[in-house]
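Number of protein chains: 2
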Amino acid sequence: MKLTILGCHSATPRWDANPTSQVLEVKGHLFLIDCAEGTQVQLRRFKVKFSRIKHIFISHLHGDHFFGLVGLISTFRLLGREADMHVYGPKGIKEAILLQLKLGKSYTNYNLYFHELVSDAPQVIFEDDKITVTTIPLSHRIYTNGFFFKEKPGERILDIEKARALNVEMSYYRKIKQGLDAITKDGKKISNKEITFDPPVPKSYAYCSDTEYYPQIVPQIKDATLLYHESTFLHDNQDLAVKTKHSTAKEAAQIAKDANVGTLILGHYSGRYGNYELFKAEAQTIFKTTVLAADGKAFEV
Amino acid sequence: MKLTILGCHSATPRWDANPTSQVLEVKGHLFLIDCAEGTQVQLRRFKVKFSRIKHIFISHLHGDHFFGLVGLISTFRLLGREADMHVYGPKGIKEAILLQLKLGKSYTNYNLYFHELVSDAPQVIFEDDKITVTTIPLSHRIYTNGFFFKEKPGERILDIEKARALNVEMSYYRKIKQGLDAITKDGKKISNKEITFDPPVPKSYAYCSDTEYYPQIVPQIKDATLLYHESTFLHDNQDLAVKTKHSTAKEAAQIAKDANVGTLILGHYSGRYGNYELFKAEAQTIFKTTVLAADGKAFEV
Numbered sequence: 019m020k021l022t023i024l025g026c027h028s029a030t031p032r033w034d035a036n037p038t039s040q041v042l043e044v045k046g047h048l049f050l051i052d053c054a055e056g057t058q059v060q061l062r063r064f065k066v067k068f069s070r071i072k073h074i075f076i077s078h079l080h081g082d083h084f085f086g087l088v089g090l091i092s093t094f095r096l097l098g099r100e101a102d103m104h105v106y107g108p109k110g111i112k113e114a115i116l117l118q119l120k121l122g123k124s125y126t127n128y129n130l131y132f133h134e135l136v137s138d139a140p141q142v143i144f145e146d147d148k149i150t151v152t153t154i155p156l157s158h159r160i161y162t163n164g165f166f167f168k169e170k171p172g173e174r175i176l177d178i179e180k181a182r183a184l185n186v187e188m189s190y191y192r193k194i195k196q197g198l199d200a201i202t203k204d205g206k207k208i209s210n211k212e213i214t215f216d217p218p219v220p221k222s223y224a225y226c227s228d229t230e231y232y233p234q235i236v237p238q239i240k241d242a243t244l245l246y247h248e249s250t251f252l253h254d255n256q257d258l259a260v261k262t263k264h265s266t267a268k269e270a271a272q273i274a275k276d277a278n279v280g281t282l283i284l285g286h287y288s289g290r291y292g293n294y295e296l297f298k299a300e301a302q303t304i305f306k307t308t309v310l311a312a313d314g315k316a317f318e319v
Numbered sequence: 019m020k021l022t023i024l025g026c027h028s029a030t031p032r033w034d035a036n037p038t039s040q041v042l043e044v045k046g047h048l049f050l051i052d053c054a055e056g057t058q059v060q061l062r063r064f065k066v067k068f069s070r071i072k073h074i075f076i077s078h079l080h081g082d083h084f085f086g087l088v089g090l091i092s093t094f095r096l097l098g099r100e101a102d103m104h105v106y107g108p109k110g111i112k113e114a115i116l117l118q119l120k121l122g123k124s125y126t127n128y129n130l131y132f133h134e135l136v137s138d139a140p141q142v143i144f145e146d147d148k149i150t151v152t153t154i155p156l157s158h159r160i161y162t163n164g165f166f167f168k169e170k171p172g173e174r175i176l177d178i179e180k181a182r183a184l185n186v187e188m189s190y191y192r193k194i195k196q197g198l199d200a201i202t203k204d205g206k207k208i209s210n211k212e213i214t215f216d217p218p219v220p221k222s223y224a225y226c227s228d229t230e231y232y233p234q235i236v237p238q239i240k241d242a243t244l245l246y247h248e249s250t251f252l253h254d255n256q257d258l259a260v261k262t263k264h265s266t267a268k269e270a271a272q273i274a275k276d277a278n279v280g281t282l283i284l285g286h287y288s289g290r291y292g293n294y295e296l297f298k299a300e301a302q303t304i305f306k307t308t309v310l311a312a313d314g315k316a317f318e319v
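If you're matching them up, the sequences are chains A and B in order. Read in our numbering, the first sequence has 192 at position 174, and its numbers run on one by one without any break. Read in our numbering, the second sequence has 119 at position 101, and its numbers run on one by one without any break.
Here chain A stands alone, though its shape is the one from the complex (with noise of 0.2 Å):
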C-alpha cells in the first residue's frame, strides 16, 4: 500500500503549495482522492502513470478539492484514454462536470460513470475481491465524506513442509488455505492451525478531510493502519477551527490515538503557518507516531 501526497495545502494554490490531491496504489489499485486545480500536473510532475487510474474519490465539491477533476477529465480524453472511468462525489458533480464538458463540445470518448452521493451514513461505495471501500460521512460546511480503504483478509498461509511431512492430500491444499482442517492420504484428521500461519493483517487506510472535530468517525476507523487527517489550524486557532469547520493538530491526534491507529498523517494546513513542524510537535503531545504530508511525499506500509 502506498500513498503519494500530490498537494496538502488548503484553500488557493500557489507555485509551491498545492491544494489538496493524493494517489493511493493498492491491490492493483491507483485510485486518485480528491482533485483540486493543478492535480493533472502533480501527476505529472511526480510520474504517476495516471493513466491507470480507473477510480477518482472526491470528498466534497469546495474548490481546493474539485476544480482539478474537469481538466484531468478532459486531458484523459486527449491521451485518447479507452478505459471506463468512476468517479464518486456528493450530488451535484456529475451536473458540474457534463455541463463544462458540453459547452466545450468536448464530451469524452471512454465511458464516464458518476456515483453520487447523498447518505450521511457510511457506506460502501466499491468492492472487489481484494478491497472495499467505504465511506466516512464527516462534519464541514458543505456535505462532505472520507474514504476508507480496507484490504480483504488473504487466504491462510499452508506449512507446506508439514503438510508434506504429514502426507496431507493435495486436493486439499485450497480449502485448507481458505480455513477447513486437512485430511491425510490415510484419512486422519489435522486441525487448520496445526499446518497454516495467520495471514498478513490486513491494511487499512482513512482519509478524512475536510472536517471538524468528529469523534463520531473514530469506531469507523479504528486500528486503521494510516489515517491521513486534516488540520487546518494549530490549536491556539481553535476558535477558527470552529468557526469554518476544520481541525486543529492536538484534535487530529485525538482522533488517532482514540481509534489506536498506526500512523497518523497531518495535512491541509492553512496558509497562515511558515513552519509545519509545529503541527507535528502539537500532535506528537498526543499522539507519536504522527508525520507531517508534503507534496510529493509518499508513505509505504
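Any given hint could be a false lead.
Pairwise CB distance ranges (calculated) [what the hints assert, rightly or not]:
1) A:Leu-117 x B:Gln-256: 28 to 36 Å
2) B:Tyr-131 x A:Ile-160: 22 to 30 Å
3) A:Leu-117 x B:Gly-197: 45 to 53 Å
4) A:Thr-126 x B:Gln-256: 24 to 32 Å
5) B:Tyr-131 x A:Ala-101: 36 to 44 Å
6) A:Arg-32 x B:Arg-182: 52 to 60 Å
7) B:Glu-100 x A:Glu-134: 29 to 37 Å
8) A:Phe-215 x B:Thr-262: 56 to 64 Å
9) A:Thr-126 x B:Asn-129: 34 to 42 Å
10) B:Thr-262 x A:Asp-138: 44 to 52 Å
11) A:Ile-160 x B:Glu-318: 41 to 49 Å
12) A:Gly-289 x B:Gly-197: 49 to 57 Å
Quick caveat, the hints were computed from the structure, so don't treat them as lab data. Where is the CB? At the ideal position from N, CA and C, for every residue including glycine.
Chain B: place on chain A using the hints.
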C-alpha cells in the same frame, strides 16, 4: 502597453508548459485574457498584482482557455476582494461558474458581472475615455472571439514655447489641444497645426486565438501595433490545422502581413514540437517582425 504571457501552449497543462492566459496592462487597466487551469499560480509566479484585474476576457469555452477561471474567482473571494469583477465570454460561462460556486456554497462577496457574448459580428464590449475593447469573431470548432484592444487618440500636443512667443491666450490652451485654432491676445487667428504636434499614434493589440486561417479578420485588425495569433501547427501539418480548425505559423504570418501589423507574436503551440524556433523561422519567410511567445515573457510597446 505591456503584454505578459502567462501561458502559450495548447491542450493539457504540463509542468513547464502552461495553456493560454495573458495579462495586458494598458492605460491604467490590467486586463486578463483567457484563464486556463493554473493561471492563478502563474499570476503569482510572475508577480502580477492580480488584485488589480477588473476585466477578464474569455475567448471560448475549451478547457485550455477557461478551466482556471472558477479557481481564480474563488481565490479572489478568499483574499477578501471587494472590487467589482467583469467577465466577458461566450454564452454559458455564467451558468458554468455559478453552478460550481453554488455547489461549494462559495458565492463571491464581491460583485461578479457576466457579459455573455453571442454575436457573430464585432462588437464593442468595453469602453472608457482611453480605450475600447472590441470582439474579433474567429472561426474555431466552437463559438470563439478574439479581442481587439485599441487606445483612443490622445490630445494634440501644444508647442508651449511657440504659443507663448505668438502671444496666444492661455485660456485657449485646452481647446487647442482638442484641435481648435488659436487666437492671440491681439485677436489674430493661428492655425492649430502651426502650434501643435501630432499626439502619439494610438497603440492597439489584437488577440486571435483559437482560430483556423480566417482572412476575414484582416480589415478589423489592420495596422495593429501588436498581433498575437495562434499557430498550433507548422505548415507541413496543415491537414491537422484544417481538421482541428487551428492555424499554422505560415498562416498566422500571412494574416500579419495582410493586416500590416507592427509585430506578430506566435503562440498556442502543439505539444508535438520540441523546437519552437521552427515556428518563428517558418513565419519569418512571410513576415519578418515575428517573435515567439513564451510563458513568463513580456512584450512592451
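So, going through the hints one by one against the coordinates:
Taking the beta carbon of each, Leu-117 of chain A and Gln-256 of chain B are about 34 Å apart, inside 28 to 36 Å as hinted. Between Tyr-131 of chain B and Ile-160 of chain A the beta carbons are some 25 Å apart, a value that agrees with the proposed interval 22 to 30 Å. Taking the beta carbon of each, Leu-117 of chain A and Gly-197 of chain B are about 52 Å apart, inside 45 to 53 Å as hinted. For the hinted restraint 24 to 32 Å between Thr-126 of chain A and Gln-256 of chain B, the CB-CB distance of approximately 28 Å keeps it satisfied.
With their beta carbons about 42 Å apart, Tyr-131 of chain B and Ala-101 of chain A fall inside the hinted range of 36 to 44 Å. Range check, Arg-32 of chain A to Arg-182 of chain B: Cβ separation about 57 Å, and the 52 to 60 Å hint holds. Range check, Glu-100 of chain B to Glu-134 of chain A: about 36 Å between beta-carbon atoms, so the 29 to 37 Å window is met. For Phe-215 of chain A and Thr-262 of chain B, the Cβ-Cβ distance of about 60 Å falls inside the hinted range of 56 to 64 Å, so the restraint holds.
Hint check: Thr-126 of chain A to Asn-129 of chain B, Cβ distance near 35 Å, so the stated range 34 to 42 Å holds. Taking 44 to 52 Å as the suggested C-beta distance range, the pair Thr-262 of chain B and Asp-138 of chain A conforms, at roughly 46 Å. Under the hint 41 to 49 Å, the C-beta atoms of Ile-160 of chain A and Glu-318 of chain B, about 45 Å apart, fit the expected range. Separated by about 54 Å at the C-beta atoms, Gly-289 of chain A and Gly-197 of chain B satisfy the suggested range of 49 to 57 Å.
Going through the hint list in order, the structure satisfies each hint without exception.
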